[in-house]
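Generate coordinates for the entire structure from the input sequences, incorporating the hints supplied.
Residue numbers (full-length UniProt numbering), protein chains in the order written: chain A, 1 to 252; chain B, 1 to 252; chain C, 1 to 252; chain D, 1 to 252; chain E, 1 to 252; chain F, 1 to 252; chain G, 1 to 252; chain H, 1 to 252.
No wet-lab data here; the hints were simulated from the structure.
Honestly, I wouldn't trust all of these hints.
In silico BS3-like pairs for lysine-lysine, Cα to Cα no more than 25 Å straight-line [said to hold, decoys possible]:
| no. | chain 1 | residue 1 | chain 2 | residue 2 |
| --- | --- | --- | --- | --- |
| 1 | H | LYS119 | E | LYS119 |
| 2 | C | LYS69 | C | LYS114 |
| 3 | A | LYS86 | E | LYS91 |
Quick partial rundown of chain A residues pointing at chain H, CB under 7 Å, derived from the structure [claimed, not checked]:
| no. | residue |
| --- | --- |
| 4 | GLY36 |
| 5 | VAL155 |
| 6 | ALA156 |
| 7 | GLY157 |
| 8 | MET180 |
| 9 | GLU181 |
| 10 | SER186 |
| 11 | VAL187 |
| 12 | GLY190 |
| 13 | GLY210 |
| 14 | ALA213 |
| 15 | LEU216 |
| 16 | SER217 |
| 17 | LEU219 |
| 18 | ASN220 |
| 19 | SER221 |
Here the structure is a predicted model, which is why all the values come from computation and not from measurement.
Glycine residues also receive a C-beta, built at the ideal position from the N, C-alpha and C atoms.
Protein chains: 8
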Amino acid sequence: MEQNEIRKLLQNVANGDILVDDALLHIKNEPFEDLGYAKPDFHRKSRQGVSEVIYGAGKTAEQIIGISKSFAEHGQKDILITRLDKAKAEKINKEIPLDYYDMANIGIIGSMPKERVGKIVIATGGTSDIPIAEEAAITAEMLGNNTVRLYDVGVAGIHRLLTHTEEIMTARVVIAIAGMEGALASVIGGLADCPVIAVPTSVGYGASFGGIAALLSMLNSCASGVSVVNIDNGFGAAFQASMINHMGGLNE
Amino acid sequence: MEQNEIRKLLQNVANGDILVDDALLHIKNEPFEDLGYAKPDFHRKSRQGVSEVIYGAGKTAEQIIGISKSFAEHGQKDILITRLDKAKAEKINKEIPLDYYDMANIGIIGSMPKERVGKIVIATGGTSDIPIAEEAAITAEMLGNNTVRLYDVGVAGIHRLLTHTEEIMTARVVIAIAGMEGALASVIGGLADCPVIAVPTSVGYGASFGGIAALLSMLNSCASGVSVVNIDNGFGAAFQASMINHMGGLNE
Amino acid sequence: MEQNEIRKLLQNVANGDILVDDALLHIKNEPFEDLGYAKPDFHRKSRQGVSEVIYGAGKTAEQIIGISKSFAEHGQKDILITRLDKAKAEKINKEIPLDYYDMANIGIIGSMPKERVGKIVIATGGTSDIPIAEEAAITAEMLGNNTVRLYDVGVAGIHRLLTHTEEIMTARVVIAIAGMEGALASVIGGLADCPVIAVPTSVGYGASFGGIAALLSMLNSCASGVSVVNIDNGFGAAFQASMINHMGGLNE
Amino acid sequence: MEQNEIRKLLQNVANGDILVDDALLHIKNEPFEDLGYAKPDFHRKSRQGVSEVIYGAGKTAEQIIGISKSFAEHGQKDILITRLDKAKAEKINKEIPLDYYDMANIGIIGSMPKERVGKIVIATGGTSDIPIAEEAAITAEMLGNNTVRLYDVGVAGIHRLLTHTEEIMTARVVIAIAGMEGALASVIGGLADCPVIAVPTSVGYGASFGGIAALLSMLNSCASGVSVVNIDNGFGAAFQASMINHMGGLNE
Amino acid sequence: MEQNEIRKLLQNVANGDILVDDALLHIKNEPFEDLGYAKPDFHRKSRQGVSEVIYGAGKTAEQIIGISKSFAEHGQKDILITRLDKAKAEKINKEIPLDYYDMANIGIIGSMPKERVGKIVIATGGTSDIPIAEEAAITAEMLGNNTVRLYDVGVAGIHRLLTHTEEIMTARVVIAIAGMEGALASVIGGLADCPVIAVPTSVGYGASFGGIAALLSMLNSCASGVSVVNIDNGFGAAFQASMINHMGGLNE
Amino acid sequence: MEQNEIRKLLQNVANGDILVDDALLHIKNEPFEDLGYAKPDFHRKSRQGVSEVIYGAGKTAEQIIGISKSFAEHGQKDILITRLDKAKAEKINKEIPLDYYDMANIGIIGSMPKERVGKIVIATGGTSDIPIAEEAAITAEMLGNNTVRLYDVGVAGIHRLLTHTEEIMTARVVIAIAGMEGALASVIGGLADCPVIAVPTSVGYGASFGGIAALLSMLNSCASGVSVVNIDNGFGAAFQASMINHMGGLNE
Amino acid sequence: MEQNEIRKLLQNVANGDILVDDALLHIKNEPFEDLGYAKPDFHRKSRQGVSEVIYGAGKTAEQIIGISKSFAEHGQKDILITRLDKAKAEKINKEIPLDYYDMANIGIIGSMPKERVGKIVIATGGTSDIPIAEEAAITAEMLGNNTVRLYDVGVAGIHRLLTHTEEIMTARVVIAIAGMEGALASVIGGLADCPVIAVPTSVGYGASFGGIAALLSMLNSCASGVSVVNIDNGFGAAFQASMINHMGGLNE
Amino acid sequence: MEQNEIRKLLQNVANGDILVDDALLHIKNEPFEDLGYAKPDFHRKSRQGVSEVIYGAGKTAEQIIGISKSFAEHGQKDILITRLDKAKAEKINKEIPLDYYDMANIGIIGSMPKERVGKIVIATGGTSDIPIAEEAAITAEMLGNNTVRLYDVGVAGIHRLLTHTEEIMTARVVIAIAGMEGALASVIGGLADCPVIAVPTSVGYGASFGGIAALLSMLNSCASGVSVVNIDNGFGAAFQASMINHMGGLNE
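This is the structure in structure tokens:
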């Protein structure tokens, strides 16, 4: 509870508008529902400006259905479900219709926002990075952002990237996604004048160690203005990119 | 070179305004000076919106003086030098006056900008994280941002952090700096509705492994909206935070 | 053999109550049966206050049946079998009836104790940590402890945890179970005035490295009073928690 | 703030006993002092049953003096300062008299409690582990516990340990401290019927990797009832051991 | 674009031979096709002297067919596809005939060059390293090199290797392929007077850690003249070996 | 070739007993057959006192058959094939009869030696380590050693091990096999007065990291007289143990 | 206590030759002295056939003097002190005369045995490995073994090693010591028909990671008959080598 | 010994031109001198085409002087000593005059070759990488190669690198040296049509882990034609680069 709410509550108590025990109940009556296996957080929209998202990986179809219904009952109709494999998506679809984005492993209940703003460029080093890029792109679109996809522009043929310098120079945020040596983030970081969020991917073999090589490479980027999220975390990158893309001006 | 410049150059050639070889020279005449041991990049301000910064760690005092003079000759008077130890700072000071920020290991030639905008909150888990926090704070101020310091608000006594919820809720960006288990980033990430840039520090002992524990913790943050920079990289966090803090609104 | 037993034995020998060779036999006749592939330890109850438990993971159904029968013959009727997958459980059930706890991967031969004492709070960061939490909970109950389950109270929405401060403040022991960044242990450690046993889980992906991130985070907890067990070791946490919960007072 | 306090506060507001703004102030007036570089937590004693401790490693002598004075002003006269090297201790001693425990790297302002209860056994594998053991022992004594030191009882000569079986069998808690292969924890864990807290130390060379070998060994202990704290964290082990040793009986 | 091309283009503009916008278009019209999911690089042959190769691992059969067709349309008829499993190869074969090299996991569309030059020796430590060796051998042959295979000449029976000293002494390049302890590279490096490219393989178990042991061993080779590529990267070794084998003399 | 052989050869040449080219041929005619995919080493028996063994893991059934036939043609009738899975064993059995030891994953063509000497004790920490122990035991027996199996004598119930002190004190070599924390090696190392070869196993979960915990523990053993082989390398331990067990006395 | 001793003791009690309490005392009167900081183990000679050795690294000069005196009082006059730096050695020398072996960091109180038996070959890869080799050599000599030093015979110039084939073929044990890639162990392992004990050293830089590269290389040795001790553990290798060298024949 | 030498020797024996024992002596008389602490290898020039080099790091000044004199006596006058610190260099200089290259940590006895051939480009990512680059450059020059230094052309300002495309396109070999994220190797690898040897450096901090980040990045380079040497191994890169640069044409 924020201070303003506390003050109002206290004034209501002082005014006798509500009873002490009701106030206490109100404080205890937290903005989430306890499903036992999960405690969906309906307060998040007001707290973080974005509705709660369901991370599908560790949950059964039944649990996802339960959480989604709880969301719906609390007024959140459009729900993003990430890391959702096809089998679970089909199970859920029988109970609650959803659109499934195969490449992105994302299910959407309800609909995408029609109005999108700004511009987030999503670049990948290779073709194999596309699933993570799509997770980022669909998430970004669901959160109300315009996106531009630049796939397979890795540094082995740097002219492929340089051709798109204009796209990069006009982006509000860039998400740079690469496996193997992850050099893409540094090169884009050196070109762009906007924040770059780097996503290492587990694409590669041998000494890529499931994305560690790309992760370390990106953390050590010699270009300023680059930050990093977890390996394969397209969602996380898009979430922060959306926050940045939606920022109002300083004097607004 | 950007496309607009190329077009203009080509038109000048077509118009006979400049000769072919002069145009070629122009293309080759890149916006940096070659000092042999370094190639300072004077183009960066136009490319990234921020002047080149000198990373002091691997350079001799003589090299830093040389680069600084080259900057001055190209019109950049205010120079930020990071990772500068006191001994080198004193050596440089004899040739070029600089202000030295002891706690931050930063030297500044020229002056800080008088006008600063927005609000970047810089929070640390403990007292030992302060040097990294000061690196971030001085950098952010040098790049024209208002800062708020919240030091020693680690999660072991979470009420110390919750007391400052208001500061966090009104920030445009938060830099969360912590060593040991790095949980601060997740807790702030769950509270804030703005981007959070996490800086793991090498504070700790034993299984903190020089910051790896905090780094992994922050990369795996269960809170959305958190991205991470290198261990002890206060500068990098402030650089990206400044980019975000300076963003114009979508329709500006 | 403890000193008291040795003294008694020696006295019996001195008194001529038993022969030298019988005494030797007695010393050699150790309190375990040698099944070849296993040497179940019937002395454990007197030594550790808890009956031997069967760790099911590396054993065949046949071996588990053999060990269980050996237990039964030595008078231990109630047997806890951890890390038991469903297929093996069904095989065993045909020979020896057992109750199978699906979520916890635990089989119980005989019955749970009816009387349980004290209070162990078992908290998880997310829904995906529940299997490990159930392993801890069923183990704790089998060892005669009252349990309270607080699932999905991770730090990304810290109010979900703070709501349950009362439960945590009145626990005799807390088991804090979390994957990803494992921050839950530190936050609970800061709130609780009882011992906290942290269990890192392998929940997560990318730089969670199968639980290493959470493990390191928990080992580096800035909160005092937190100790850690192996990744996914719900059983081990519950075992020690039970020891603590069962402690008598200092002057009892 | 706990629920009972909130209820009382709300009743006072309802009764008109205190004004709304005073109540708000009361809620904001958190139980710590903000020294800028540190926020000592005076609430800890009531929250965790133990006074705040000063971790000396990352702090200057000046900061430690400042925090100590703040403690003294808030009524906490007896202060434990861990990881305090001799040089800093002497600096502090000039302003505030303290007793310095050389082997343990601990400074104590004020005095140790005269009454100590229960029994914590502190065992080490070798002579080189003694500094960590002394950190644990002095901490435990400062927190009001009786201690028994069993040093150099490593498993290479297991009869040295078995001789002390009686001490181990009568302990309320055992702290097992070892570097190198850390096997001591497992062997004690198999003998003891009380909780064992294992402390890996950085003693060793080569593939001990600064304590990683011992840490992993202890985390994988095949003995039940063993939990682990950070490498060289004698303080942390003693803190939790003290919590356990001080536990009241179930029906007290 | 190289400088010569820029100069020619500028002269054409100056001469009025082409319009400014056509010149701009020309600069933008980069030598690759954008298939959306991939941007095949037709410039590579002129830039690196070798045609683009398709890395099959992260791509669907459909994508490989699409890229191959795009290659064919741009005049590249002979295509090497590495890391291609049998199932995909058969799918592709239905659309575009290809030769599949089972042991090497390589598919070739078109044909191998008939003329091959020089001599690349490909040596393995054991029988299990052969798949990687075949990837190297087929790649080397496709790039126009003569190859000599020396398989199972590991250092455990060093006479097997010494017997082939003559082959090694007359090679222009040696590719040394080994898993486990990877000592083969050092021993060959000590014998050969030509460059040795070492390929660690993931052959082994336990502390070979998927090729890390061999990789570190090779990086630390006490023999001069040895460089290393990624674990299991037979292709990369052959690619560089081919570059070296094809080098002209200094005065040619 | 050893010096004595060279001397004899040179004398034969000097005597005119053999021609220069025949001598050269003799030197080149190395004691192995080149099967292309393998170069079986028939010299090993005279060089190492033990016949070549086939490591089955990375080889096809066809390759193993080919190598076995080559062995047979060179007079080696009794062949040990390690790391042989059941499916391959059955394939081979159709061409060459072999005895398959299921638990040990070993196939034997021909027969075990009837006479065995000395005494090798093979001890395991738990039931799950038995497959590795059986690999060691069958190998040791095939190499002509008497074996004693002590399974499930881990340190969690140390009396199970102490009961067998006599067996350990009379062994010529002990092979100590354990996963998890691998403490068994240290405890046996402290008891035995003969060489102890430690085998870490991949038994365990979480922070056992596939045997790393046990490996490090064993390498750091505080007991003297312990050496270590690769994780799960029962064969290697038995091979060296056999060498030691077969050693003649100093004055024989 | 061994069974025979127990039987004798019991008979004495039965015969009334000793009292019960005396017998109990006898059992408790363990063969070590408790110095508080150390518990020297005088039983080791009879248990392991070798006197207790003092590991000097973690002990003060005072502690070493104390332990040495305790040894002397129990009749052990010749004492080996490993990992002893020069400064400590000089301090000790003032109280108890000792011979200091500079290169080996070893001090010897009393004298080396005059009669040495068998043959242990100690080989190093390079000149920098000599300190570890000397630790092994002096230890081996102190334990009564003949030694042969083969230094700087690394595999980069394999003829340097092959020249000494005869020495290696006639050794009873070989200690192979190498840093960097550690290939020496495998090559010697392939040549020798006696046990090889490999010692990885921390010699090297970069990706040698303080000896990890050599350690992994040696653990993965493709040659049979090789076992490994800790990084830089010359003492441990010599200790086990001495055990093996001293073995009696099977029928002695 | 090569086959031709053996044949000649055998013929001489057959002809009676030399005695059997002389021949044996000749075979044993290996081309190195045994200094006890080192065995300098005078055969290397004929075997590898380059004289033996002295790796100075693990050797005393006295040892280096001894080895150098041994070289001089065997006719090698020009000697390269790498990893030589200034203090040692000065000591050696008093006995044998040498030129010391401060930045490169290299000493040269005798003189550099006057004639150098070909072209090796040595590029660094930053100013701090220069010491490693100088080690490579001086080595390359000593081995008879022309060099071009391109320092501080890291990818953060990629135009600095692109300006030098021509230098890179005309090199016979490129040595790409970079710390931090090591992306330079990939970008140069994508531009160059000659072999690229990548040298990761230990420049960086935090998650650069002493060069691991750059090492992994380079091993995973998505550009073909890149191989890697050990961290900070400028010498090794130059050695192989020289081999490649000196290669004759295929038909020479």
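Evaluated hints:
Pair hint LYS119 (chain H) plus LYS119 (chain E) holds up; C-alpha atoms about 24 Å apart against a cutoff of 25 Å. Between LYS69 (chain C) and LYS114 (chain C) the CA atoms are separated by roughly 23 Å; this keeps the pair inside 25 Å, and the hint holds. Between LYS86 (chain A) and LYS91 (chain E) the alpha-carbon distance is near 23 Å, which keeps this suggested pair within the 25 Å criterion. A cut of 7 Å between beta carbons decides the hint on GLY36 (chain A): the least distance to chain H is about 39 Å, and the hint is violated.
Nearest Cβ of chain H to the Cβ of VAL155 (chain A): about 5 Å, under the 7 Å cut. The hint holds. At a threshold of 7 Å, the smallest CB-CB gap from ALA156 (chain A) to chain H is about 4 Å, leaving the interface hint in force. Evaluation of the GLY157 (chain A) hint against chain H yields a held restraint, the C-beta minimum of about 6 Å falling below 7 Å. The beta carbon of MET180 (chain A) comes within 4 Å of a beta carbon in chain H, closer than 7 Å, and the hint placing it at the interface holds.
The interface hint given for GLU181 (chain A) is met, as the beta carbon of that residue sits about 4 Å from the closest beta carbon of chain H, less than 7 Å. Proximity of SER186 (chain A) to chain H holds as hinted, the smallest CB-CB distance being about 5 Å (cut-off 7 Å). The restraint placing VAL187 (chain A) at the interface with chain H holds, with a minimum CB-CB distance near 5 Å, inside the 7 Å limit. Residue-level restraint check for GLY190 (chain A) holds (minimum Cβ-Cβ distance to chain H is 4 Å; threshold 7 Å).
Interface hint at GLY210 (chain A): violated, since its Cβ lies 12 Å from the closest Cβ of chain H, which is beyond the 7 Å cut-off. The criterion of a C-beta within 7 Å of any C-beta in chain H is met by ALA213 (chain A), whose closest approach is roughly 4 Å, and the hint holds. The beta carbon of LEU216 (chain A) is positioned within 7 Å of a beta carbon in chain H (closest approach about 4 Å), and the interface hint is therefore held. A cut of 7 Å between beta carbons decides the hint on SER217 (chain A): the least distance to chain H is about 4 Å, and the hint holds.
Contact between LEU219 (chain A) and chain H, as hinted, is supported at the beta carbon level, the nearest pair being about 4 Å apart and thus within 7 Å. With a cut of 7 Å, the hint placing ASN220 (chain A) at the interface with chain H holds, because the nearest CB-to-CB distance is about 4 Å. This hint holds: SER221 (chain A) has a C-beta 5 Å from the nearest C-beta of chain H, less than the 7 Å allowed.
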